[in-house]
Amino acid sequence: MAQILAPTSQWQMKITKSSTTASPMTAKMWGSLVLKQNKKGPARSSTKFRVLATKAEGYTINRLEGLLNLDLTPFTDRIIAEYIWIGGSGVDVRSKSRTISKPVEDPSELPKWNYDGSSTGQAPGEDSEVILYPQAIFKDPFRGGNNILVICDAYTPQGEPIPTNKRARAAEIFKNKKVIDEVPWYGIEQEYTLLQTDVKWPLGWPVGGYPGPQGPYYCGAGADKSFGRDISDAHYKACLYAGINISGTNGEVMPGQWEYQVGPSVGIEAGDHIWASRYILERITEQAGVVLTLDPKPIEGDWNGAGCHTNYSTKSMREEGGFEVIKKAILNLSLRHGEHISAYGEGNERRLTGKHETASINTFSWGVANRGCSIRVGRETEKQGKGYLEDRRPASNMDPYIVTSLLAETTLLWEPTLEAEALAAQKLALNV
Amino acid sequence: MSLLSDLVNLNLSESTEKIIAEYIWIGGSGLDLRSKARTLPGPVTDPAKLPKWNYDGSSTDQAPGDNSEVILHPQAIFKDPFRRGKNILVICDAYTPAGEPIPTNKRFNAAKIFSHPDVVAEEPWYGIEQEYTLLQKDTKWPLGWPIGGFPGPQGPYYCGAGADKAFGRDIVDSHYKACLYAGINISGINAEVMPGQWEFQVGPTVGIAAGDQLWAARYILERITEIAGVVLSLDPKPIQGDWNGAGAHANYSTKSMRNDGGIDVIKKAIEKLSQRHKEHIAAYGKGNERRLTGLHETADIHTFSWGVANRGASVRIGRDTEKAGKGYFEDRRPASNMDPYIVTSMIAETTILSK
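From first to last, the protein sequence lines stand for chains X and F.
Per the UniProt record's numbering: the first sequence = residues 1 to 432.
Per the UniProt record's numbering: the second sequence = residues 1 to 355.
One or more hints might be untrue.
Subject to a maximum C-alpha distance of 27 Å in a straight line, what follows is the list of computed DSSO-like cross-link-like pairs (lysine-lysine) [stated by the list, open to error]:
hint	chain 1	residue 1	chain 2	residue 2
1	X	K102	F	K79
2	F	K49	X	K112
3	X	K200	F	K137
4	F	K49	F	K79
5	F	K323	X	K112
Calculated from the structure, these hints are not laboratory results.
If you're wondering where the values come from, they're calculated on a predicted model, not measured in any experiment.
With the hints as constraints, model all of the structure from the sequences given.
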């Protein structure tokens, strides 16, 4: 999997913004990440190594920490770039790293790379090379210094996006002049559930049983109400450090479930930032010894599912008279409900039941401040006559490239027939 | 506790000019690494300026008890990532007191091949992909695997992240930085197809440096796994069944291969390799027959094959080499426990010196 790099002369490009003032996630910060409430029963010897800062018996001090946190900048210009891509399932994130001779600021300065697609269900063994194109750079919160994370998408050697590459098509939509002029903003609310490692039962739940019913957990605090806050908090700072546009976090209605929001981001950035934040979350849960799941309905019964509500606005929606533009957009969306639903994440039918703050998967509805609808418009937006809409249909395992570009396409590039439009307007009580 | 840590990390440069040099050599099995340290009066950057040393060869199966001294000749210096400051790691090879390389010294012969004028003129580059498996210390069962059982089948682990997919990343990440610090030309890392298995790549390095740097990287890895309480295995097929083995694919190019028209030189070189398949296989690591089965992205050990982008072949040419008409090729046959001095020099000998 190595590629021989010719020692070419690289241009002299240094990071102009100060990259060394913020310190990376040091092992000391992780020290509090030992989730004591779950260590019931005899600890397997293997679980020791999943908590950060591995330590051998008989060693009194931890010497690995020093190496992990080593700041290489006094010794070499070289940096480590972690190339990240989406695997064959459409939800699994993969990564590997390479040494780059000097710090870089722009993805165009990074070389293309390749990986073994036959190991990720994306290419056959006798023609296994899949090419990685760097698309977005973030600072590496685990390695610090000038080291970086690189969000990539995947192509055949001939230069065609492979079937699971959803970014390429999204990028095309976001390059459309009509879309560019409307400056589409996205605020994505990523919900996720934390599971205990070997039993795959939610974090904090008694094994073989259930916690008390939902009620106390939403935005709650306390050892009996909030499970895994360290992960959420570490993730928040790591994303801010990395340069991801993370705007907030909260504990969710189902215990062991959390949410963070990324945005407002413009166009294709929304997808890049969400995937980078998901990668960082996988790395953090890995270190904490906890399993991350983006399943939209992890536990059947009277327990909330996990969604990825997408808040959306265009220039016209944000300006005077925007509310009318929002209503027109909702009308368009109502006429393409089937297309959107099929692209909004696998297993969503287990989540969109019409209960637990969702709308039924088969019906399109909208309302102001109504959490039981497909699309919700906030009271502020209604009052001001301009603002944004919230599409509550996407599942937590949705692909943000697909969802964001589909929203732009349906509301900016697609036009219904006049008949269909009139019918829908009546049905939805929209005077457009 | 904090006093010990202060002592281990003490920066001596304020108190003394003296430095510590860790002399490293390969033991009697051809795979075990040994080392011991000595104090030197001042910093050294040139191996020729380091004193020769000796060790007890009868304790490493390399000399009889009544004539046990084996002489260490320093060959390459790296910065010590554990002691830091101006302290160094020194890769050595072993000689009899009479000055002859002992039988397990494979570097000596490799150095001869790499100083042959024809080889020097071709500037051979190597990129070696070292795969390895991490094992739990007392059970010798792979890290992250349930004792008495198996994890879910291969699929999610290659380049994966997450507590149920990646086991031992701390070791891999600290190894990466330690090698960069030491001055080893480590070019990348990734999680491998079998859970608990990882890979790092060293290169491109020229000639004998490829072997020196890979052995230094292996030493640093042994030291790091020691700290982590995890056992390092370079066995080429640690677990039988539907689990990948561990290799040390060697990427190779010469000046002619990197210039225009190189693809023809590459094809000629592959032809020469095909004629010496058995000799190479015999030198490519013990136990390789358990790994090279024709399954799990390997070619069968008895057959020589090559192909573009084909991971089931003995030798693979990358698509960009094919497209550009020049570049390098990948010998996928060496096992993870191969000796890089042997493999690198043999590839050079077969492709440059043999007719």
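A quick look at each hint next to the structure:
At most 27 Å may separate the alpha-carbon atoms for a hinted pair to count; K102(X) and K79(F) meet this at roughly 20 Å. Of the supplied pair hints, the one linking K49(F) and K112(X) is violated, its CA atoms being roughly 42 Å apart against a limit of 27 Å. With a C-alpha separation of about 26 Å, the suggested pairing of K200(X) with K137(F) holds against the 27 Å cut-off. Among the hinted pairs, K49(F) with K79(F) is consistent with the structure: their alpha-carbon atoms are about 16 Å apart, no more than 27 Å.
For the proposed pair K323(F) and K112(X), the alpha carbon gap of about 15 Å is at most 27 Å, so the pair holds.
The structure fails hint 2 only (numbered hints given earlier).
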